[in-house]
Amino acid sequence: MTTLPTEAAAPVVPVTEPPAPRPPKKPRLIGTTAWYATALFICAVMVVPLLWMITIGLKSRTAVFDIPPKLLPTEWTWSNFVNGPEAIHFPRLLLNSTVITALSVLGGVLTAMMAGYALARLRFPGRKLWFYLFVGSMLLPGVVGLIPLFQLYKNIGWYDTWLPLIVPAFLGGNPLFIFLARQYFLAIPYSIDEAAKIDGAGHFRIFTQVMLPLTRPAWITMAILAFQASWNDFLNPLVYLYSSEKWPLSVGMASFISAFAGQTPDWSYYMATNLLYMLPPLIVFFAAQRYFIQGLGALGSTNQK
Amino acid sequence: MSRNAGSDVKAAYLFIAPAIIGFTVFVVYPLIRSFYLSLTRYNGLTDPVFVGLGNFRRLFTVDPAFWPSLRATGYLVLLYVPLSLVLGLALAMFCNQRFAGVRLVRTLAYLPVVLPAIATITLWKFIMNPQVGLLNTILERLHLPTSLWLQSPAMSMPSVVLVMLWGVGGTMIIFLAALQAVPTELYEAARVDGAGSASVFFRITLPMISPIMLLQVILQTTAALQTFNQPKILTNGGPGFSTNVLMLSIYNNGFPNLGRIPQLGYASAQVWVLFILIIAVIALTAKFTSLWTYSDNTPD
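Just so you know, the protein sequences line up as chains H and A, in that order.
Last residue of the first sequence: number 304 in numbering that gives the first Met the number 0, and the count goes up by one each step with no gaps.
Last residue of the second sequence: number 299 in numbering that gives the first Met the number 0, and the count goes up by one each step with no gaps.
One should not assume that every hint holds.
[Said to hold, decoys possible] Simulated pairs of lysine-lysine, DSS-like, Cα-Cα distance not exceeding 30 angstroms:
1) H/Lys-196 / A/Lys-9
2) A/Lys-9 / H/Lys-127
3) H/Lys-127 / H/Lys-245
4) H/Lys-127 / A/Lys-286
Simulated from the structure, these hints should not be mistaken for laboratory data.
Put together the whole structure using the sequences plus the hints.
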């Protein structure tokens, strides 16, 4: 009986494994019950905080502090979903985040694909050296760059602009992406380039018209990872952006809850807005779930060459 | 052919140029510059003044906040990394079984990883509110002891780690991929030989996933050493210095609140302490690799 509800939900997720039948051995009823009890517990730990967040988002501003706390709101305050976002200028922050994220995804994926193409498919002196340098730089902690780059941006007038958040992406951005791109390009048969070359295509045309369509899974995976990294980034915008009207959502949301001058933050406003902040990554996740898993599988196997 | 090869070189450097510029500006330059700054006194406005190892001397012998921050960082790493690996592997093995609905469990376990870090951290700050938070509400209903969580000096770091562990689904997914790559024949052979589940785990599963395990030890330790978001938002280093990890200390020295003078040279020295710690972790893990990881002997 316990299996029924989840059984119905399962097929929504794309099938990734062979549908091997469960071995029809002795009925392991106790094992099954224990498994589902544990599964229920895991799901609760992951989902209950989010459900609770939604109920807080629906409570009135004072009901949040009722003692003892009630699990469900007594009056459902839908207006929090309007007033909350208004209180932190959500539309502006959303626009900022969207522009920053879109540009850094574009730059990060494009330049990593270009570098990966050169490293995997073109012969040139220094190709091994550059590959090792890029891979090695993955180990460099980001914090090493923080202070020198902060000063650099200040000196060239980029402080308090979006450029420090976007331009690095257009300059190779994430070495991990270069690595992933190279691995993917290596797996494509060379006869394809040869055929295109015979047809008179140059490297630019081979890259844009032959390689990009063939490597779709790779760059979609990278785009998702880049989207997540940029959307979630907190430290960089915190350091490089001073004016609140230029902040992305991450910094705006964090400033929402830091109590200014002893003021208590508005938790119900906050939770309602937080839900909106979570929505874009959630939508991306459910729309492109298999790329998430693929990308992380690739991360997991990075040491296997 | 040689003409062709020449055009290859030109094209290659065109394609790779952005990455090379980026490597120079964002890796080589900061590395050299930050090392130089660590040997200076520098407020970001006037020119840096060379002080030799003065910053490091001040760190290790004078600064009352440095050793606590090192201790807090070590505590966080030692608490978080083993728990994350054990729970991640347990969750992966749990989700690697064939039950109806297992995909739903897997998806939900991964859900917190997808959500923006700031969104989940701030949510947990409220969940851990001692008076009205969800955690104490549930514990009270179950008649279990409650806690001050982030507000208690003893519980603050475990609470921060608890929040980080909510994202254990990220570790799970990687171990799941590793588990699924283990050839099933090995398990079948073990079953034929009548091996118990404990010996299957220790003699097959663990050795087979040891390369991934090693990589995870390195990646998670280096990431944990650089933890910033959670302590910054949950506790801002408090109460006392209990969660004032190295990254937070670097941030506060280098980018202080308005009205205080940035100590960029001093913060750079702290960055280098952190950097050396990270290199040490990688070197040590790599040194012990041959002792406990499985390799299928394919040198290349």
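For each hint, the structure was consulted:
Of the pairs offered as hints, the one joining H/Lys-196 and A/Lys-9 holds, with about 16 angstroms between alpha carbons and a cut-off of 30 angstroms not exceeded. For the hint linking A/Lys-9 to H/Lys-127, the alpha-carbon distance of about 16 angstroms falls within 30 angstroms, and the restraint holds. Between H/Lys-127 and H/Lys-245, the direct Cα distance comes to roughly 41 angstroms. Violation of the 30 angstroms bound is thereby established for this hinted pair. Simply put, H/Lys-127 and A/Lys-286 have alpha-carbon atoms about 25 angstroms apart, close enough for the 30 angstroms limit, and the pair holds.
Of the numbered hints stated above, the single one contradicted by the structure is hint 3.
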